[in-house]
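Could you build all of it, start to finish, from the sequences and the hints given here?
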Amino acid sequence: MTVSLDSQPMWRHPAFADGVREMAGVAIGLGAWGLVTGVAMVKSGLGVPLSVMMSLLVFAGSAQLASLPLLAAGAPLWVVWATAFCVNLRFVIFSAGWRNYFGSLPQRRRIVLGYFTTDLNYVCFLRRYPDQRPQEGQEPYFWGGVLVNWVAWQVLSMLGIVLADVIPTAWGLGFAGTLALVGLTGSLLKDRATWVAAAVAGCASVAAYALPFKLNIVVSIAVAVALGVLMDHQARALKSQGEV
Amino acid sequence: MADLPWYPIVAILGLAGVTLLSRSFFLIPEREVPIPGWLKEALRYAPLAALAAVVVPETFLTQGHLLDTWRDPRPYAALAGALWYWRSRGMLGTILCGTAVLLVLKLGLGW
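Those sequence lines, one after another, are chains U and X. Mapping the first sequence onto the working numbering, position 231 (from 1) lands on 231, and the numbers just tick up by one. Mapping the second sequence onto the working numbering, position 14 (from 1) lands on 1014, and the numbers just tick up by one.
Don't read these hints as lab results, they were simulated from the structure. There could be a bad hint or two in this list.
Per the computed footprint, the stretches of chain X lying under chain U, defined by three or more beta-carbons under 8 Å from a beta-carbon of chain U, are [unchecked claim]: (1) 1003 to 1013; (2) 1017 to 1023; (3) 1037 to 1049; (4) 1057 to 1068; (5) 1101 to 1109.
All residues carry an ideal CB built from backbone N, CA and C; glycine is no exception.
Structure below.
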């Protein structure tokens, strides 16, 4: 963040303060999410030191929450990682959007920048720079938002970790992490095809639960994606038939 | 493998790598790469499928078996959270509402 731009430190740029201010306005919901993730990590049996490590390094709430039951069950590493990658697929698409703004930066700087991008950064950034092209002040604005986002997330996540260590496990608060995933799932249900895909994935995951190595998750994703893509193709075929 | 002390550490380091790879994906190559069509289609369903595949067993299974009692607070808490999300689209309310139902059933009724 001290990378200088025109010999001026980035945090002195007026756009940096704008980034801080605009992110501060939307970071409250993010804090709650961080708190829940902190509690869920400890309650899944990860322990305080590993939970702190996970929060600081992984820095991706939904992927963390989704991988916790897999870690607790001792799933093979590739299943844990593949599941997290699927949950993170939206970031893969966002990264193509970020490229329009930051594609001319050196590769290492692009990658570091990419690591810190979150959903909220993307929303704020797109609102401020709707024309998808490089402009002066974009990098300071980006880092201002990232600073607030990162600090809010980590502080609340740490608070959750400390609280979880005090709250008795019998209260079952680890389930709050699953509740957060319920809301996230809801945000992705848009039409009949997505509802069907979600229902199929859920049922398949239960039906295939006896598979070793938590492969039920992988099987469910494969089945639901295949079915969803099939539904899309069929809908398109029907539509083009109707036009003939 | 899960009994080994390094298992969670390697898993977490790998997850950090997953974060880096997924968030920087199209920022990594030197030349611009167009998004392939299959990725756009997979994007629509894969995250949803992964979430549903994690949530449903966490809500309806106990040690690998479907619930055989109706006195388990998790389905009610999940239902309350889902209804809240459906009505208000608010994540905070979803978590609070579901957790409140969970606590009432668990601590209040002793389920």
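Hints, verified against the model:
| no. | hint | in the structure |
| --- | --- | --- |
| 1 | 1003 to 1013 | holds (count 8) |
| 2 | 1017 to 1023 | holds (count 7) |
| 3 | 1037 to 1049 | holds (count 11) |
| 4 | 1057 to 1068 | holds (count 7) |
| 5 | 1101 to 1109 | holds (count 4) |
In this structure, none of the earlier numbered hints is contradicted; all agree with it.
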